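With these hints in hand, go ahead and build the complete structure from the sequences.
Once you know that position 119 of the sequence shown is 119 in UniProt numbering, the rest is easy, because the numbers rise by one and skip nothing.
Hints were generated in silico from the structure; no laboratory data involved.
All values reported here derive from a predicted model rather than from experimental measurement.
Incorrect hints may appear among the rest.
With a straight-line cut-off of 25 Å between C-alpha atoms, the simulated SDA-like cross-links for lysine to any residue are [to be verified]:
1) 215 <-> 249
2) 168 <-> 60
3) 303 <-> 286
4) 154 <-> 214
5) 303 <-> 287
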Amino acid sequence: MAENASTDASTSSGGNNNNNNNTTLTAQAQLPTMTNPFYVNPNEALVFPIKLTGTNNYNQWSRTVRVALKSKNKMGFINGIIPIPDSLHASYPAWEQSNTSVLFMILGSLHPSLVDSISSMENARVVWNDLKQRFGQADNMRISDLQTVVYTSKQGNKSVNEFYTELKSYWEELNQFLPIPGCLCGDIQARTVPCVTEVVIKWYRDNEYVMRFLKGLNDSYEGVRTNLFMMSPLPPMETAFHFAIQHERKLSAKANQESAVESVALLPPSGSQGKGKETPKGNLFCRYCKRDNHVIADCYRLKRKNKEA
Numbered sequence: 001m002a003e004n005a006s007t008d009a010s011t012s013s014g015g016n017n018n019n020n021n022n023t024t025l026t027a028q029a030q031l032p033t034m035t036n037p038f039y040v041n042p043n044e045a046l047v048f049p050i051k052l053t054g055t056n057n058y059n060q061w062s063r064t065v066r067v068a069l070k071s072k073n074k075m076g077f078i079n080g081i082i083p084i085p086d087s088l089h090a091s092y093p094a095w096e097q098s099n100t101s102v103l104f105m106i107l108g109s110l111h112p113s114l115v116d117s118i119s120s121m122e123n124a125r126v127v128w129n130d131l132k133q134r135f136g137q138a139d140n141m142r143i144s145d146l147q148t149v150v151y152t153s154k155q156g157n158k159s160v161n162e163f164y165t166e167l168k169s170y171w172e173e174l175n176q177f178l179p180i181p182g183c184l185c186g187d188i189q190a191r192t193v194p195c196v197t198e199v200v201i202k203w204y205r206d207n208e209y210v211m212r213f214l215k216g217l218n219d220s221y222e223g224v225r226t227n228l229f230m231m232s233p234l235p236p237m238e239t240a241f242h243f244a245i246q247h248e249r250k251l252s253a254k255a256n257q258e259s260a261v262e263s264v265a266l267l268p269p270s271g272s273q274g275k276g277k278e279t280p281k282g283n284l285f286c287r288y289c290k291r292d293n294h295v296i297a298d299c300y301r302l303k304r305k306n307k308e309a
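In structure tokens:
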């Protein structure tokens with residue numbers, strides 16, 4: 001009898017969980033259109049700038065897809081916040097439609113070589129977790145490669161913005177593999193101020209990021225690099241980037257000015273333009289007597305002067 005009571009309690013508990021899920025889904029389905037995760041815009045097709053090819057670009061791809069899903073209020077379908085309702089529940093058709101929409105988005109962001117490996121899966125969250133397990137797991141070789149790239153990156157022929165964007169991509173991927181450890185000081189819920197250890201570790205890591213950026217700039221930025229390194233504390237990355245961009249503009253303006261001066265210097269003296277067309281000798285010009293149609297080696301005035309001397 002006790003066993004029957006236990007079974008009844010378990011069944012009741014399971015039924016309560018399903019009822020809670022279904023109640024939550026019903027409430028979500030009744031939200032206004034713009035905030036309803038079950039709403040599917042008929043023009044919801046997205047074009048992703050990044051196609052997942054494997055481990056090499058998983059983190060960048062993952063960030064892009066998450067941003068896209070957040071913009072459509074669909075993150076709950078891959079992080080488990082929106083559970084699968086009972087197939088007989090009134091909200092199931094809406095869930096299935098939205099799940100299919102998310103699944104279609106993910107498929108559209110994959111390289112064709114990866115599509116077949118998940119084509120039989122019908123749950124967007126299952127697909128997301130499968131791709132994460134295959135390509136999003138940290139491995140020592142990838143971490144080592146990222147550290148090498150970050151510490152040896154140079155600006156070269158890239159603009160400041162291009163170099164910064166490239167370095168930031170590698171840095172964020174490295175941080176995703178090596179996140180700052182969580183606080184172990186005590187009860188996190190009861191804490192009213194940030195953990196000192198976390199703050200200090202983040203401060204050191206942010207400083208290292210700025211140093212990597214400054215050290216990678218070309219030698220023409222030595223003045224900016226030296227001035228920023230002399231600041232205490234080291235300025236944040238936003239400030240370092242701002243100073244580098246300003247200096248890049250100055251270098252560009254100086255180069256344009258020098259180019260304009262050189263172009264003017266190559267122009268013939270005033271009054272000589274067009275005269276070459278009137279003679280068969282073309283655009284010859286003598287720098288000694290300042291006359292057209294001959295060069296200094298053939299200048300009879302200079303030759304006459306030399307004879308008289």
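Taken at face value, is the distance from the CA of residue 287 to the CA of residue 303 at most 25 Å? Given pair residue 303, residue 287 holds - Cα atoms ~14 Å apart, limit 25 Å.
Please work out if residue 215 and residue 249 have their alpha carbons no farther apart than 25 Å. Roughly 19 Å between the alpha carbons, so the hint for residue 215 and residue 249 holds.
Against the 25 Å threshold, does the CA-CA distance of residue 168 and residue 60 hold or violate the hint? Cα-Cα ~11 Å, so holds.
Check the hint pairing residue 154 with residue 214 against an upper bound of 25 Å on the C-alpha distance. Holds, because 10 Å separates the two Cα atoms, which is no more than 25 Å.
Does residue 286 lie within 25 Å of residue 303 when you go C-alpha to C-alpha? Measuring from Cα to Cα gives roughly 13 Å; hence the hint holds.
Every hint from the earlier list agrees with this structure, and none is contradicted.
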